[in-house]
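A.B. asks: Residue strings, one per chain:
Protein chains: 2
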Amino acid sequence: MPKPILVLILLFTIISFTDAQPEMQTPPQLNLMPLPQNVRAGSGQLVITQSFSVGFAGNKDLRLQAAAGRFLQHLSRQTGMLLNMGPTDGTSATLVIAAEHAGKDYPELGEDESYDLQVSPSGARITAPTTLGAMHALQTFLQLVQPSPAGFAVPAVVIHDQPRFPWRGLMLDVARRFEPMSAVKRAVDGMEAVKLNVLHLHLSDDQGFRVESKAFPKLQEKGSDGLYYTQDDIHDLITYAADRGIRVVPEFDIPGHSISWFVGYPELASAPGPYQIERTWGVHNPAMDPTRESTYKFLDKFVEEMAGLFPDRYFHIGGDEVNGKQWDANPKIQEFMREHSIKNNSDLQAYFNSHLEKIVGKHHKIMIGWDEILRPDMPKTIMIQSWRGQASLAQAAKQGYRGILSSGYYLDLMQPAFMHYEVDPLSGDAARLSPEEQQRILGGEACLWSEYVSPENFDSRLWPRAAVVAERLWSAPSVRDMDSMYRRLAFINTWLEWLGNTQVSSYYLMLHRLAGQDNMAPLKVLADVVEPVKDYTREDLAATPATSLSPLNRLVDAVPPESEQGRLFAELVGQVVAGKATPATYAQLHAELTQWRGNDARLQPLLQRSFLLKEVAPLSHSLSLCADTGLQALDYLGRGQRAPSAWAAQQMTMLQQALKPGHAQLLLMVAAPVESLVRASAGTPVANAHRGKRFEAEGEK
Amino acid sequence: MPKPILVLILLFTIISFTDAQPEMQTPPQLNLMPLPQNVRAGSGQLVITQSFSVGFAGNKDLRLQAAAGRFLQHLSRQTGMLLNMGPTDGTSATLVIAAEHAGKDYPELGEDESYDLQVSPSGARITAPTTLGAMHALQTFLQLVQPSPAGFAVPAVVIHDQPRFPWRGLMLDVARRFEPMSAVKRAVDGMEAVKLNVLHLHLSDDQGFRVESKAFPKLQEKGSDGLYYTQDDIHDLITYAADRGIRVVPEFDIPGHSISWFVGYPELASAPGPYQIERTWGVHNPAMDPTRESTYKFLDKFVEEMAGLFPDRYFHIGGDEVNGKQWDANPKIQEFMREHSIKNNSDLQAYFNSHLEKIVGKHHKIMIGWDEILRPDMPKTIMIQSWRGQASLAQAAKQGYRGILSSGYYLDLMQPAFMHYEVDPLSGDAARLSPEEQQRILGGEACLWSEYVSPENFDSRLWPRAAVVAERLWSAPSVRDMDSMYRRLAFINTWLEWLGNTQVSSYYLMLHRLAGQDNMAPLKVLADVVEPVKDYTREDLAATPATSLSPLNRLVDAVPPESEQGRLFAELVGQVVAGKATPATYAQLHAELTQWRGNDARLQPLLQRSFLLKEVAPLSHSLSLCADTGLQALDYLGRGQRAPSAWAAQQMTMLQQALKPGHAQLLLMVAAPVESLVRASAGTPVANAHRGKRFEAEGEK
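Protein sequence lines, in the order shown, are assigned to chains A and B.
In terms of our numbering, the first sequence has 395 at position 395, counting the first letter as 1, and numbering is strictly consecutive.
In terms of our numbering, the second sequence has 76 at position 76, counting the first letter as 1, and numbering is strictly consecutive.
Derived from the structure by calculation, the hints contain no laboratory data.
Bear in mind that the values here come from a model prediction, so they are computed numbers and not experimental data.
The C-beta atom is built at its ideal place from N, Cα and C for all residues, glycine as well.
Wrong hints could be hidden among the right ones.
Pairs of lysine-lysine residues, derived as DSS-like cross-links and limited to a Cα-Cα distance of at most 25 Å, are as follows [what the hints assert, rightly or not]:
#: 1; chain 1: B; residue 1: Lys524; chain 2: A; residue 2: Lys524
#: 2; chain 1: A; residue 1: Lys362; chain 2: A; residue 2: Lys380
#: 3; chain 1: B; residue 1: Lys185; chain 2: A; residue 2: Lys185
#: 4; chain 1: A; residue 1: Lys614; chain 2: A; residue 2: Lys524
#: 5; chain 1: A; residue 1: Lys218; chain 2: A; residue 2: Lys301
#: 6; chain 1: B; residue 1: Lys214; chain 2: B; residue 2: Lys104
Residues from chain A shown here face chain B by an in silico Cβ test under 7 Å; the list is partial [as the list claims (entries may be wrong)]:
#: 7; residue: Asn31
#: 8; residue: Gly151
#: 9; residue: Thr239
#: 10; residue: Tyr240
#: 11; residue: Leu549
#: 12; residue: Ser610
#: 13; residue: Phe611
Whenever a hint applies, use it, and build me the whole structure from the sequences.
C.D. replies: Laid out in C-alpha cells, this is it:
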C-alpha cells in the first residue's frame, strides 16, 4: 500500500467558503451529490403518486430496462408506496426516458455519460446519448424526491449534466482484510448513487490472494485462508457493476507485496522460502525474482487467465514499495544485474515492468500501476495512479503519460470530508499544465486500504466520505461551498442507508457490543464527539502492533471517521468567537457542555466493567474537564467579563493534554473549540475553530 | 383473520411484580430470554479468547455441525473477533457438545428439546439427548456472552432447561400483504434465538394466494399479483427452518377467506363470479361450494400436492369467519342442504370440514384449524388453534381435542409486551382442567396479521414482542417479573438486530423518510413517546378505509408498538406519585418535560412541509401542553404545595383531550402519567401510572 508522506501543518486560519459560483443556479435545497454541471430551477413540482410510471421513448436495451426496474424499486422503497413495476409503453409515462443508443454492454473509459433531465409539474423527461447517461439521470431523479405538503414530489427543474473527469474510481483493498462479496456489492450500489464509475479491486497483497485462479490454484488455496472470490463471484460482480455503469479493474500487486503468492509458489520469490501468509502490516522484503524466465512464463499464463476473467481494458499491476532487500541478498540476481548492466534495484524493477508490460499488452490490456512504474523508457500507453500527489501526476502528464490521482483521497486515513473535498486532480503543479497535458489527467480514485477495516465497519470507513470524492471528480471545480457540501452529505448518508449500506446502523450495534448489557447512552455521548486518529498515527500509538488477525471491536473501530457533533459544536463556537452568537447559540452550547460535563460520572462504571472500554477512561475524563472549562469560558463571554489570564493559562495546559490521543487512538473533538473559547474569554488572539483544528496534506515532501 | 372480541377495561390499579420465585436462582444480570427452567450460578467466568473452539463428544450429525458453524459465526460477529471456524475434534475444545442422538432430520412435535449447559472458568459443556436440545443450548450460550473486565466472557453457570410446551409457534400472515422470503428468514433467525419452534405460514386469503401450485397454476398466476413463493423457495425455507429446529406448518384458509383462489378457479366458489383479488380488509361473502363433488376433487389434488411440498405432519385449513352469505343466496346449495338435512350454515361448514378432514388424512396429515372447525362429530385427531381464548381451548380439551392458544398473542394489535406476557395457555378455564386434559394444550402461537405490515416494518411489528410470547411458552409459569422481562427484552432486541433483524434501524429510516431533508431530531422526540392505537381502533379512526395497496409510510407505521421512553417516564412518575422519588428522579423528569414542552415549536415547521406529518400536528401540540402541565405539577409536588383544584380540573380537561387518538391513529403515552402527576399535586386519589393506562383483554365476551 503506497503511503503518502504527509506534512501536517496545523493551520489556525479562517477557511473561506465564499467562492463565487455565478454559473451555478442551484436552488439551495436540492440535495444532489454530486452537484450537476447546470441546474435551472423551474416553478412548481411533480408529485409522485401511486400511478407513477416509467416509459421509453428511444432505445430500450436490457440494461436500461433493468435500471428502470431498479429505479422503480428504489422509488417505491423511498416513498413507501407500492408502484407499478412494469414499464409503460410509449411516451405517456410520468417519466419518459429517451436514450439514443444502448452504449457498450461493458462500460468503456470515455463513453459519453451526459444527460438532460427536465421535470415539470406534468411529467419528467430524461434525454441522453446512451444508457449510461440515462442511468445517471435516474439517480439524480431519486435524490430529488422529497416529501412536500402535496405529497412526495420532485421540484420542477432543468438539469444538464456530464462528468468533469471520465475516471471516477473507488479502490477497495480486499487483500489485507477480506470483504465478503455482499459488502462489495453494497459499495457498488453506493457508487452508482454518487456516479462513481470505476471499481478498482486490490486483489492480492502480502496478507492474502483473493481471487480463484484455475491455472494456479495454490494461489488461493494456500494464500487466502479460504477467503477469496470464486471466478463465478467475479463474473457475477462484473455483471452487477456493469449493469450500474461501473467498470471493474483488477489489481495484482507485483513484484513486491506478493508474499501470499509465494506460499503456494515459492519458486516465484527471490529467496527460497518457505513462505507463510503475512499477518503484520508494512513493507516486507519478499519480491518476485525478475531475473528468471520462469517468472515471466508464470505471469504470462496468469495474466492470460485474469485478462479473460476481467473484461476491462485496464490491468493494474501495483508495482509499489519494493524495498529490494531480497534482490540484494540473492547472488544470482546480483550477477544477473551485473551481466545486464542493471545499475540498481529501481532499474531492475523497470526491467521487470517492461517485461510485464509486454505480457499485459499481449493479452490486450493496458497496464496501470502506482507512481513507481513510471520510467522514461516505458511506452506512453501505460497509465499512472498517483499516491504521491499532483506534482508526480503533472510530471507524468508532461512526459505524455495518462494518470489518475489518489493522493489526498485515502479514506483509511480518517480525514474529515472537507479535506478530501479540497483535493483537486488539476490543482498544484497540475494547474500549470497545458490544456493538452491536463487532458491526460483522467480523474482519480478514492482508496480504502484495509488494515483497520472489517466487514462490520467497512461501510462507515467508505461512506459518506467517498461521496465527496465523487463530487470532486464529477462536478465543476468551482463547486466548493463547504456548508452546502456538509448539508448534502448528511442527506446522502441517509440515502446510502436506504440503499442497504450500514454505516449508521453498524455504529449503534458496535456501541452496543462495547456497552454490553448496560445502557449505552453515556457511551454514545462520548463516542459522538471523538474521532479516530489521523494518517498513520494509529500504528504509532498502538500498545501492541496490530495484525490482520486483530479484532476490530474497539471504540476507535466503531466511531465514524468524522464527528458530526464535533463539527457542529466547533461551528457554534466559531460564532461565539466571532461575536456573532445569538442567545440560542449560547443556550445550545450551554446544554451540550452541561451534558458532557456530567457524562464521565455516568460512563465510568460502564468503562470499568468492559475490557474494551477501559482504554477510553482518560478520554471520558477529559471530555468532562473540557466541558467544565468550556462552561466557565462561556460564562465569562456571556457576561462580557475578561477571564483571568492565570485561569486561562491553567486551562490551556489541561487542554493541551486533552488534545493528545492516547492508546485509545481517539481524538477528542471538543478540545480545540473549547481552547478557542478560553482564548476568546481571556482576550488572547483566537484561532478560528470553525472546523476544529485543520490538518493539511501537502503530498510529496 | 379471526379477531378476538376484546373488552377493554381501563384499570387504574397497581400491578404487582412481586411474585415470589423461590425456585429460580437466576443471577439478576443474566440476559436470557426465554429464562431457563433451572439456573445455578457458579463462581468465576469463562473468558472467550481467539482460541475458542467447539468440539463434539457424541453424535455429530450434519445439522449439529451446521449449527456449531453458525454458532461460531455469531460468536465471532458478537465479539468482533476472528475465530477458528472449523470444529475441534474430541473433547479438548473450549465448548464440548455431547448430544446423544441426531434427532429427526425434520423436527417433530414432542421431540425431546432438553439440554444441560455447564460453564466453568476452564470450559463449557453441553449435554443433550438430541441435536435439538444442543441447538437450544448454543443459543443460550450466545446470550450469556458479555464484555467483562477480563474480556468477553460467560459467567460460570449450570443450566438445566427444557420447554414447558412443545408447540411454540409464530404465525405469519403473508397472504394479506406479502413478505419477501428474506424477511421470513430473518424471522426464522429470531425464532431460533428465542427458542420458538413452529413457523405457521398463513399462505392464502382473500387478498392473495402465496405459494406456487403446479397442479393448479392459476392459483398463484391470477391470485397473487406475482407475489408468491415458488416451490423451490419453500423447499429452501423448510430446510433453513429445520436446520434451526423449526417446523413449518402451512395454512390454506378455506372455505371462506378464499377469494384469491376464485380469481383463477371461479368454479370453486358458491357464486359464478368473475372474481378479482380483494383489496379491502374484513370478512367477505365468497366461500367455496361445499356441495359439489368437484370442489373435493380439486382439494384432494391440491392437498396431495401441498402435503408433498410441506413435510410437517400438521396441515392447517383455517376454517374461520365464514359468513355464509353466498351459501344463503345459492338455490342449489339451499336445496342440497334440505336434501341432506343440513340445518344451517354452521352445519354445512362442518359437512365441508368432515370431507376435508378425510382428504387431509388420506395424505397422511393431521388437520388443524381455528376454533370454528370444532364440532363434536369431528375425529379427536384434529387440533384447534384458538383465537377465542382459554375458555374455548379448555372446552376443546375437555372434549378430547388438542389445542394451542393464540388469543392474547396477536402482535398486530399493537399491545405492549407485558400484556402478551400475562397471557398463559393454562390460565382461566384451562387452569381448572384435569392434568390429563391440560396435557392436550400443547402451547400457543404468536400471530402477526398483516393488514398494516410491510416488509419495512415487519420486523418492528414482530420483535421484540414475539420474544415475550416465546418466554411464556418456554419458561416456568412462575416467571412473571415484569421489570426483569423488560430489562431482558431490551437486550434481546439488540441481539435480534445483530442477527439481521431491522426493527431499530428501519425505525430511523422511516423517520428520515417522514422528515425529508430536514433535521429529524424533533420528530424523533415526538415519535419516541407515541404508540399506534390498539386493537382494531386503527380501522375505526381511518379517514378513508385502508386497503392492501395503501402505503404504510405514516408515523403510525414507523413507531414501535410500545414506547420505551413512555414506559420509563411512567415508571419515574410512579415513583413520584408513590412518594419514593429521589432528587435525581425529579431532575430527570424535569429535563424530559422541558424538552417535550419546547418540542412543538421546533417540530411545527417540519410538520407543515410534509404531507405525511400534517396529521400529527395536533399530537405534537398536545405533547407540549402535557409537558407544560407536567412541569407545573412537578413544581407543586417538589415544593410540597397542593395545586389549586381549579387548575387541576382545567388540566384534566386538556389531558382527556390529549388521551384521544385522532386521524394520526397514535396515542400520546405521556398524557396518562402527567394525569397522575396532576392528581397527585392536587391531592386527588391517584391511579398508578406505572405502566401507563392498562388495557386488559378478556377473551370471549
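A.B. asks: Minimum Cβ distance from A/Phe611 to chain B below 7 Å?
C.D. replies: It holds, given that the least Cβ distance between A/Phe611 and chain B is near 5 Å, below 7 Å.
A.B. asks: Does the nearest C-beta of chain B fall within a distance shorter than 7 Å of the C-beta of A/Gly151?
C.D. replies: holds (5 Å)
A.B. asks: With a cut-off of 7 Å, does the beta carbon of A/Thr239 approach a beta carbon of chain B closely enough for the hint to hold?
C.D. replies: violated (21 Å)
A.B. asks: With a cut-off of 7 Å, does the beta carbon of A/Leu549 approach a beta carbon of chain B closely enough for the hint to hold?
C.D. replies: With a minimum Cβ separation of about 6 Å from chain B (threshold 7 Å), the hint on A/Leu549 holds.
A.B. asks: Take the C-alpha atoms of A/Lys362 and A/Lys380, compute the straight-line distance between them, and say whether it is at most 25 Å.
C.D. replies: Cα-Cα ~16 Å, so holds.
A.B. asks: Hey, does the A/Tyr240 contact hint survive, CB to chain B under 7 Å?
C.D. replies: violated (17 Å)
A.B. asks: Verify the proposed pairing of A/Lys614 with A/Lys524, using a straight-line Cα cut of 25 Å.
C.D. replies: Judged against 25 Å, a Cα distance of about 15 Å means the pair holds.
A.B. asks: Run the distance test for B/Lys524 versus A/Lys524: straight-line Cα separation, threshold 25 Å.
C.D. replies: The given pair, whose Cα atoms are some 17 Å apart, holds under the 25 Å limit.
A.B. asks: Check whether the Cα positions of B/Lys214 and B/Lys104 lie no farther apart than 25 Å.
C.D. replies: violated (29 Å)
A.B. asks: When you check the alpha-carbon spacing of B/Lys185 and A/Lys185, does it fall within 25 Å?
C.D. replies: Judged against 25 Å, a Cα distance of about 21 Å means the pair holds.
A.B. asks: Report holds or violated for the interface hint on A/Asn31, using the least CB-CB distance to chain B and a cut-off of 7 Å.
C.D. replies: holds (5 Å)
A.B. asks: Checking one constraint from the list: CA of A/Lys218 to CA of A/Lys301, max 25 Å. Satisfied?
C.D. replies: holds (14 Å)
Consistency note: the structure conflicts with the earlier hints numbered 6, 9, 10.
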